[in-house]
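A.B. asks: One line per chain: the protein sequences are A and B, in this order. The opening position of the first sequence corresponds to residue 1 in my numbering, with each subsequent residue numbered one higher. The opening position of the second sequence corresponds to residue 1 in my numbering, with each subsequent residue numbered one higher.
Some hints could be false.
Note that the list lumps identical chains together, so a pair holds whenever it fits in one copy or between two copies.
Straight-line Cα separation of at most 35 Å, DSBU-like style, residue types lysine-lysine; simulated pairs [said to hold, decoys possible]:
1. K169 - K7
2. K129 - K66
3. K173 - K121
4. K24 - K129
5. K288 - K328
6. K313 - K281
If you're looking for bench data, these hints aren't it; they were derived computationally from the structure. These numbers were taken from a predicted model, which means no experiment stands behind them.
There are 2 protein chains.
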Amino acid sequence: MNTIELKAPYLVFLGDAEDLIMAKVAKGIAHWRPEKCLAQMRLPEAKAKLDLPDMTPQQASDAGAKTFVLGLAPIGGTLPTEWIAILIEAMEAGLDIASGLHQKLADIPELVEASKRTGQKLLDVRVPKGDMVCGTGLPRSGKRLLAVGTDCCVGKMFTTLAIHQEMIKQGMKATFRATGQTGILIEGSGVPVDAVVSDFIAGMVEQLSPSNEPDHWDVIEGQGALGHPAYAGVSLGLLHGSQADVIIVCHEAGREQMDLMEGYPVPDLQYVIDMNIMMGKLTNPNIKLGGISLNTSNLSEDEALTTIAHLEKRFGVPVVDPVRTGVKPIVDRLETYDA
Amino acid sequence: MNTIELKAPYLVFLGDAEDLIMAKVAKGIAHWRPEKCLAQMRLPEAKAKLDLPDMTPQQASDAGAKTFVLGLAPIGGTLPTEWIAILIEAMEAGLDIASGLHQKLADIPELVEASKRTGQKLLDVRVPKGDMVCGTGLPRSGKRLLAVGTDCCVGKMFTTLAIHQEMIKQGMKATFRATGQTGILIEGSGVPVDAVVSDFIAGMVEQLSPSNEPDHWDVIEGQGALGHPAYAGVSLGLLHGSQADVIIVCHEAGREQMDLMEGYPVPDLQYVIDMNIMMGKLTNPNIKLGGISLNTSNLSEDEALTTIAHLEKRFGVPVVDPVRTGVKPIVDRLETYDA
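Just chain A, same shape as in the assembly:
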């Protein structure tokens, strides 16, 4: 197995988070995978809370929890030293530890020692696991949907989680395939593709979304953007490896400059669509645009609906805001595509 796998259910750790923005990983897991969340653990100073019972590691373990998930990103991405004892306590109670922090659990000697002593795993979800493999480009059975973006941070993860949820609701066969640390912690499995050595991106995405039943959908979280000057290589490997049947273009309404990229305007939607279709055809000649997912949080309701209607007319595909309208129109349209 080259995918990272977390055992459920979880004890979700909120640390000293002041709110659920600081604990956005915890919030995401509780929102998208409530069935995997057994309990929360909060430090006395925490103000953030989830709708879950509070438990200690031992209580959670006794109740069946398998993994202690760090549900927040402390400033700087390092683990506060005073939390080390908590993580050791969790391992001693029989829980694995999962973390998406920049600082690796495996680089903290006390945790490594406790892991060896207790037999519990340290799961750094930013670190790719298993043998790296090169892409083959060989076709696989089953269908695949990939989120692509006009920029980073435009809602690709949210869009694919929502599409997956809608598919399940409609009784379709579907699996969410996480490609980033937050997605992996939410789903409990995945491959952190931006941390994969560049020779192996496409190959690892092939492994992440293997052959499946003809009517099964892999809903693959996107990363970066093909038009991004720093990260396009990641996005292209993901596009080629996923052999997407359908792409959903994600965009934030009103964003004009690329995030943190001086001198780079957000490219036009038509350009982003054309570029992804052209490049994606290499490994799947039948790749199609399946819809546009628009983050309209900066717009009023009227503006949002007008913009959505305008884009639907312009591109001839369903246009949604996953939060405002839901993604049902995109999923409904998928049935019209041939396998």
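Place chain B on chain A using the hints.
C.D. replies: Here is chain B on its own, set in the frame of chain A:
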């Protein structure tokens, strides 16, 4: 510094190589950088030889050599155990060790111990060095030429080494920028981009080809191919990070199937040109096709010259075979491009 740097001159090790195909790294260094080669070292059973004096590590060190370069790729990419003593002897004589083998020198405890004891470096040129950085996309002064391919193994390294050599011959300011292990061993510096974590490809290529004098050319070795189902992510990061002013498309005449890629024909030259120009425009809107480098080793002289003439007419740029015709027409044409 994020580039790997080898100190010259070298003692080039040919091991037990039967011929210069087995010792192609050694052959490449001696051909392209003869001024860096002080001597060769050959085992008694070696049949391959370079036009260099034979020396022991101690003799080479006494004569001024700084680095012992493994000039061959043993089958399987691992270091024969009987060579470990030779490498230790070389370090004891005051030489660093440079290797492009898959097996890392740094994973062989005896070598690590000897390195610590002697203070000589183990340089695994497949391992990226220094802090990894993300791309900025910011423009840099100076000019850059990048080799791109219709497939892997079509002569990108040879083409760029030849273009760099011709530039120097013509008195131009130019630096060869190596991006793969053989190129790094030949040039003595570079970044192994296919071993860089995918988030950092573009950024590391920016570092490899920094701002320079306005009339200075960085001649950047290409990797993979934008139309390759396994490695296109590497090629795109390289294209974006290099901000190429000029691309040279490399192709092997007559190759119809991509190397090792079942079901993938070699794409048409026009498609490869269009794709690279379109994607490259993101970080350099003035990117141009500067020529085509054709490996015609499978063709007769007549066939080769006819094919070259045909492609020149079709694409309106210089078409060369670096071996058969030399690359002068490409370099001569570069002067007509604006900075």
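A.B. asks: Are any of the numbered hints broken by this structure? If so, which, sorted upward?
C.D. replies: Violated hints: none at all, because every hint is consistent with the structure.
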